[in-house]
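Visitor: Residues per chain are reported as follows:
Number of protein chains: 2
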Amino acid sequence: MNNTITAPKGFLASGIVCGLKRSGKKDLGLLVCPTGAVAAGVFTTNKIYSAAVAVCKKNIRSAIIDGVVVNSGNANACTGLQGIKDANAMCQALADQIETSPKKILVASTGIIGHILPVKKVITGVARSIKCLASNHDAGLDFATAIMTTDTRPKQAFKQIKFGKTLVSIAGAVKGAGMIGPNMATTLCFITTDAAITKPLLARALSQAVGSSLNRLTVDGHQSTNDTALVLASGLAGNKKIAATGKDFSTFALALKDLCTDLAKQMALDAEGATRMFTVRVTGAASKEDAAKASRAVADYPLFKCAVHGSDPNWGRIICAVGSSQVKLKSEKVSCKLDNIVVFKNGRPTDFNPKKASKVMSQKEFTITIDLGVGKYSDFCYGCDLSREYIAINADYHT
Amino acid sequence: MNNTITAPKGFLASGIVCGLKRSGKKDLGLLVCPTGAVAAGVFTTNKIYSAAVAVCKKNIRSAIIDGVVVNSGNANACTGLQGIKDANAMCQALADQIETSPKKILVASTGIIGHILPVKKVITGVARSIKCLASNHDAGLDFATAIMTTDTRPKQAFKQIKFGKTLVSIAGAVKGAGMIGPNMATTLCFITTDAAITKPLLARALSQAVGSSLNRLTVDGHQSTNDTALVLASGLAGNKKIAATGKDFSTFALALKDLCTDLAKQMALDAEGATRMFTVRVTGAASKEDAAKASRAVADYPLFKCAVHGSDPNWGRIICAVGSSQVKLKSEKVSCKLDNIVVFKNGRPTDFNPKKASKVMSQKEFTITIDLGVGKYSDFCYGCDLSREYIAINADYHT
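Residue numbers (the numbering used here), protein chains in the order written: chain A, 1 to 399; chain B, 1001 to 1399.
Next up, chain A with everything else stripped away, as it sits in the complex:
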């Protein structure tokens, strides 16, 4: 069964080697919607953003988008005016091939920052890649592979929902691995759907979905210069066009959120050097902001990430991170659980079974819950462990 981004009706994809990566691996992806799609995007809020992001932000204003061109191996960031020219040239190359305007093409890049993009390789790659465009499983997988950097595996998700008897499909591919912190936690994320939906509502659904999924993931605390999440809707499913908020919109938005959550968790588990992931849930906070801040402080704390790697129920590091985040709390009311094991209650250690707690932390996925004891607000954050492999990937890799 095709469960890739070519599964929703109306999309063709490809992924080839155009020669940007020293490893010789796939580094150019195309996504084309021959009938035209409405599109929405969410981008990095890093004040330094790539040329690809600058051009993509401009082009996404077009009412109809015909295709997306993505390269890995070079971020085209911190590359000045030349970078903008190169990002536009990427759009032009795909537009020439599918006979449309470059304004109707979206562009994304990922890889090393600050190196001028060898744009000729990309342009000749686009011409070759056109011939590989297909709507089958392999083509979708090739695309998901071509956007990878330090990812160890392609990350994809697929969902179907029904509006009456009409089946609507949503599919996504992401790359992740490093330089990931809210918001945007995505690095690159491409979603296709055959739903018929207006552009403003598609944008709204994407923004909501990303806000409670990809934006809750932190691997190493900083968002990159290139983060981009795009959704393209071909409208070919045959559903009554979603043109107002209401039941259909809610159904679509929820499915999109579930898909993005699935992708975010895959990213956590395939983060650089990660062997497991966790959810930090903070409850009893004085505000939603406090809950978000405290959960992120724990998820980002290297000492705790190491404890997770070692399956060590060292809750002291959790409490230290929470207190250090300067959120409102009552120290004599603070409690902490590892899944269902209470390790700290009302500001005091409990008599828990360390072996059982260690077992909880050795799972592929577990949840830390911290109650601040001052209010009714809660929020969460996804994180992953910190291993020697993270150091190996990022210290031994040379620019």
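Hints in this document: simulated from the structure, not taken from any laboratory. Built from N, CA and C at the ideal position, the CB exists for glycine as well. The hints are all genuine.
Incomplete in silico selection of chain A near chain B, CB under 10 Å:
1. Thr-45
2. Ile-112
3. Asp-220
4. Ile-319
Since chain A is already given, all that's left is putting chain B on it; use the hints.
Guide: Chain B only, in chain A's frame:
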């Protein structure tokens, strides 16, 4: 020559094994000033702080302090009311031995969070340790050793200044290694001086000194529950008592700051797993706060810390961290230097020699300078590299 905390006139110290550490290493330090000292302290701003900090904050209000008792191996943090009783019992134990009030004793603890302190071991240890008190080099070194946790070596500093013909000494011992982030970056720091100075001015000098030294160091981003920096002044040097701001105060304050900077750098170099340290200096910022925020974002960024470990001049990670910190900047004006090598200028990469840049980064100590191009403010932060050893120390260590 004695260059330990017993070097200034009027101080005795000791460091022994009282049995808190499984390793069997020294874990109890005493510092005594038989003639009484004026004292000042700076403490963690973590909202969860140890019982030792709670008791020390109270006792330091006393006009005269007679001694300090410190244990390593147990933080006495998150230990509820029992923790407070135990911290008071530590003060009482030393007070009994030197026949003073427990209110005139300061206390500090460091080690694992959330375990009830085996206080009897400490109390009997204090009685034994009294007999080892001495004012020589070995006694000072024993103290500096007894406060260590994951530190690989004792860290001490010594300075002398002259007021006319009067020689004044200042000495300090710190422990560091992990759970270190502004403010307070110290974990534990003990400073002695024989200067005659009033309590309020001593407090002012300490606060200034710590603010521009120990508080600028980040190892892993979070301050601990136990951070404490104490200074005791015996007044035995014979200088005219410093009772007002002016030349003598400035001389003393500057010497104290230099001493603290020396200690902070030693901590960076002996941070968990660290092989080198760096200074991040941000210039051209719109405000001092922006400069501090941006410098810390770089110093705390795991991806950059890994690049330092690998001597990789991957300045893209520096620029990414700066942009992600959301400070005001002009992207077309941003520049970056590694020591004197310009790697990024006016928002564009330069044609630098990567081998030379890599050599800069392989030094024991180097400076990254980032200009934001928007204002006249600057600030700095100290950091260290991130190595496999950090993971080993913090993932393999079990509670």
